[in-house]
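Using the sequences plus the hints, can you model the full thing?
The lines below spell out each chain.
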Amino acid sequence: MVDWRLFEPLFEFARKRSLWIVSFCTGCGGIEMPPLMTSRYDLERFGMMANPAPRMADLFLITGYVTPKTLKRIIITYELQPDPKYVMAHGSCPLNGGVYWDSYNAIKHLDKYIPVDVVIAGCMPRPEAVMDGINKIMEMIENGTADSWKRYKENYEWYKKNQDELFGEGWREREARRWIPWLMDKKEE
Amino acid sequence: MVAQSELIKEARENGMDLLPLDKDTYELFFGPQHMATENFSIILKMDGHRVVEAIANPGFLHRGFEKLAEFRPWHTNVALLLRVCVPESDVPETIYSMAVDEIIGWEVPERAQWIRTTVLEMARVSSYLFWIMGLSFKLGVYTAGQWAAAYRERLMALFEQLTGARVYHIYTIPGGVRRDIPSDRWLHQLKDTVEYIKSKLPDFDHLVFENYITFKRMEGIGVMNKKFALSEGVTGPNLRATGVPYDVRRADPYLLYPELDFEVPVLNEGDALARALIRRFELEQDLYILEQLLDMGPPSGPYQVSDPRLKNLPRFKVPAGDAFSHVESTKGDFGAYVVSDGKNKPYRVQIRGPSIAHGIRVLEHLLVGSRIADVPVILMSLDNCPPDIDR
Amino acid sequence: MEEIEFKIAPESKIKKKPSYIKPWLGLKYLFKKPVTIKIPHEKTQIAKKYRGFHTLDWKKCVGCNFCGQICPARAIEMTWLEVDGKMEKRPHPKIDYGRCTFCQFCVDVCPTGALRFIESFILTSEWEEDTIQLFDWVPIHPEKFRKLQESYNDWRFPVEKIEFNKETKEVVYHLRDGEVFKFKILGYGIRPPKKQKGGTDSKPD
Amino acid sequence: MANGQEGGMSMREQAIVDKILEKAPYAEGKVRRERRIEFTVPAERIRDFLTLLKKNNFELMLQITPVDWPNDGEIELIYQIWSVTHRTHVMVRTRIPRELEKARMPTVKDIYPVAETYERDAHDFFGVYFEGNWKMEMPWILDDTEQDIYPLRKDFDMLQYVKKKYKILDRFDENKDNYVI
Amino acid sequence: MITSMIGIALKAFLILLYATFVGFMFMGIIRIVTARIHRRVGPPIYQPILDTIKLLSKKSNITHGLIYDFGVLYALGATILALMFIPLGSISILRAYGDLILITFLLEIPMLGIMFAAMSSGNPWAGLGSQRALLTLLAVQVPLGFAIVALAEFYDTFSTYQIVMAQQTAGWSITYLPLLLAAVAYDIVLQAMFGKEPFDIMIAPGEISLGPMVEFGGKHMGILQIQHAIALFAETLFFSNIFLGGAVVTAFASSILNTLASLGILLIKQLAVLLIAIFIGAIFPRFTIDQAARFYWKWPTIIAAAGAILAAL
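Protein chains in written order, with the numbering used here: chain A, 1 to 189; chain E, 190 to 580; chain S, 581 to 785; chain U, 786 to 966; chain C, 967 to 1279.
These aren't lab readings, by the way, just hints derived from the structure by calculation. Owing to the predicted nature of the structure, the values given are computational and were not obtained by experimental measurement. Accuracy of the hints is not assured; some may be wrong.
DSS-like cross-link-like pairs, simulated, lysine-lysine; straight-line CA separation at most 27 angstroms [to be verified]: (1) S:Lys762 with E:Lys416; (2) U:Lys952 with S:Lys749; (3) S:Lys669 with S:Lys762; (4) A:Lys112 with U:Lys948; (5) E:Lys415 with S:Lys597; (6) U:Lys950 with A:Lys153; (7) A:Lys16 with S:Lys618; (8) S:Lys727 with S:Lys746; (9) A:Lys153 with A:Lys136.
Spelled out as structure tokens, the structure:
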């Protein structure tokens, strides 16, 4: 059996230079993603690209505030991603609620529900700031400090407790069945 | 007809696990984690590649602005309400400000009106470029989209100089605007940018609007007729594509629009292609309007009403009353209804996003019978903007 | 319908003809210079009055709490501070960048011009309890901020690390040029803190 | 923008109001300003009145705005309709009691189909039940957990709700609890 | 006997290594050239290699059963097998058996492997994508068949190697009208094989989120990336062999120099084929699946059939 640890520096380099982003823009920050991905700022220079399939993605950008309804999808999408995976929170809202600090429908502290590696300030953050955050993530991957996915595994019970507290027990099943009655064939009048 | 609520109850009682659909249909959750429907979800009942039934599921962006606005001072609400329409954030600013101006009875200075009109038109151009990007990404001709996003950055830079921010400008406030035009150099830069974008329009035509395959993809897709569109409350380019010449800038003139010359495009087909072509033409017209505005030049004078009460913004009170104002955004008729009860906070603010009309029922109707490949194209041709449905 | 007195564009102007040939013109930028700004190597131009972080002239600030009242995000909290064992005469705004929307209405309403903003906008941090303290600060003096910005010229937050002791409420700013800046938070609100909490260990004057 | 409150400009609007009022004696109407008119209708006649408006070329329903007036114990529903033909915006105001079980309205979705969406919206945020709209119970913007609260009503205590739901409000200093909004 | 076996195995390994490397470079070139058309800088050319290493180094891996794992390996194996049949200059392992139809078939069946795997994951998007992929395969068959028939008719043989050798004396295939027609048809087919617009219907990121690929992650996707690289190499190589004259250099005395020269010539031809595909991909939107099928059964079929008839005359 080959000792794969020998190749770990190479792997770290590859992980750093090939961060695929899951294409799930969760808030207003999504509007700055197209400029970042396209010609002007061109994130592909760093090997980053938006990937429609969460199974292939490494980096999850929480672009802005998160509503409970979106958070459910975020959690599911996050769990679909294979390890190692990284999360970056954009702007003020995931950190402390932002301008929606008293809104009944916005999550205040995202780190209670999923782990986050890097957070950047701004409303919304300029592309330069986002790129700085991505640089930070790259540095952290190099140092091995980007370990939010490990934290999620280790403290899964705690995260799950918080999620269940917010959505109620068994929210995954409920969400899956929510639309069943409306998709049934409507009876004739 | 059996009430749907009874069906739900029945289903719940039976502890239904699986979808009691016909054998040859299946359900498909289209979004929100999907490239075509960012932050919007459509539940599709599919038969092979055909859509049998569609249910729009909004609400992923709901933050309760209408409630939040009741707790913030009048001017500050601008910083909040502009988030209703992210790609074109000046529109909610302007409608809210116009409604508040009307309640107070303020006559906005001419310079402020000029700046507001210019900012609105710039927002329209940038929003249309953003839309071209979206459309071409969904069609698969990524080149045009990349260009459009790059050219939009020029406008963003101008916005940044004028307002101090790239996306959320927080610029138009009740009584005028927050800052003056930075310098004459800015006007020249705007002129250059308008000319630059104008010179690049044929590129988009070549790749998107005159491309044979685009025609193949969009012709005859998602057809609405005039009667249907009117009864469903569709506005903006989507309505004009069905043959109704309704444009708020002409039908209910505001700001400097009565003095400006532009043509309102109307087509009768009502399909996705017609909607796309109308938007393409309006982009050209918006650039033309910007040129006229620049030729006109900003009138001299103050950029804000002078009112001693403005010195103390937190205590600023608006007399009791209500007003409705609306403007033409790239998505359609964007309206705000503001009620004041004489305090330093609004009593009620409602924003009417155009997408609530064409993004729910019309979408559900148009998707039925279309192929799965047409779903993103129809979505994009309607220019469905989820944040203004959710608010 | 009523007659229309505005201009309707003729259909011939709107409609386009499909073509197989014209798309090939889309290749024309293949050998042109890309429009990309190569960010780590190139610097972008930030507009002069870009709404970035706040600065605060502690001398000028009168603690009127206008900024706290106008803030749509309630990001500003008036804070009573103690610098070098001396209590500041007036409370100063403490700004939480986990809330701030950078609308700068607080700057607009500031009656003495003490609260200002600067173009710097980059603040990146790991999401850990001690590093995230960076997002909550009492802004530093504009001249100091400007100096730091001009010497580094990378639009970054001027403070590298903020130590906040939750028990003693002591705050230490480690500025980017190595300067250390210490003060102590006595309490929040517009009222002086000693009236509410007599039992705190701080006793200036 | 001229807010010509009165004067010769609003003659056209006055003519429209007169014409409508002639056929609907139960309603009250007035001209607000150029291109803005408003009617007040009792809640039970709303369907008749909107049918009349639709016949008189008021084609586009822009929104249904509920406004909560807890002091009067009423919810005001404002049907905002735009006429492409007359180029006039009309507000049809009606008031219904605000108690949950009494806050009921007949649906107008057969007159203006788009009203279905607006009615779902009003139901979700204000708890106004529109009878005859079978999509009333269909999930709309709010999530399951908020199903029984009506957040846009004036008596909804948002801060308390937020504190209960999301536990803490401030990350940096929990002692900072003197929130005044 | 054993030494010759080892020699062949070594040769096969070297070919595979070369093909994989060049294939990855091709993937990098696709991304860079596309980026330049988009007016941006684009990634470094070795980016696909990094992507693959990253995918292979993923710590957790999702599998949906035996067929899911097997399908991916099947795709890789079929592509490698196809590669071995295609003459690469004068070196090739199985070139003597390199039948046109066999190679065409082997180049197509990796798709089947991917489809098996995708279908077994049970994801509806993967199901949709697989249906589309099947239909694309079906649509492509007709013009492809006619193009192959035209070639076989013209050269009177099914052997790729013989066609290459015939071209060395008689000039490139595309200089003859019937084969030019066949080449045009085949090039349009190649667009679908590369998965570029307007025929990237089976992936269609904006429509069905990568279709069959949606469930692959980690090592499965890494293997598919390698497969894609080899397939890119093999497909371009096959095209340049049968239509662009291949390359069998015998000018030098040293056989190593000859090999290198022919590899270089082939590389240039392959790049030309690739660039055409990139250009078409950059400027055309995507067809829907029924439009694509109708398209393939119309123009490329007519062109290829005309070529076949002309070749038979």
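These are the hints, each one checked on the structure:
The hinted pair formed by Lys762 of chain S and Lys416 of chain E fails the criterion: a straight-line CA distance of about 70 angstroms is larger than 27 angstroms. Among the hinted pairs, Lys952 of chain U with Lys749 of chain S is consistent with the structure: their alpha-carbon atoms are about 23 angstroms apart, no more than 27 angstroms. Distance hint between Lys669 of chain S and Lys762 of chain S is fulfilled; the C-alpha atoms sit about 17 angstroms from each other, no more than 27 angstroms. At most 27 angstroms may separate the alpha-carbon atoms for a hinted pair to count; Lys112 of chain A and Lys948 of chain U meet this at roughly 15 angstroms.
Distance check on the hinted pair: Lys415 of chain E and Lys597 of chain S sit about 24 angstroms apart at the alpha-carbon level, within 27 angstroms; holds. Between Lys950 of chain U and Lys153 of chain A, the direct Cα distance comes to roughly 25 angstroms. Compliance with the 27 angstroms bound is thereby established for this hinted pair. Pair hint Lys16 of chain A plus Lys618 of chain S holds up; C-alpha atoms about 18 angstroms apart against a cutoff of 27 angstroms. For the hint linking Lys727 of chain S to Lys746 of chain S, the alpha-carbon distance of about 31 angstroms lies beyond 27 angstroms, and the restraint is violated.
Between Lys153 of chain A and Lys136 of chain A the CA atoms are separated by roughly 23 angstroms; this keeps the pair inside 27 angstroms, and the hint holds.
Checked against the numbered hints given earlier, the structure breaks hints 1 and 8 and satisfies all the rest.
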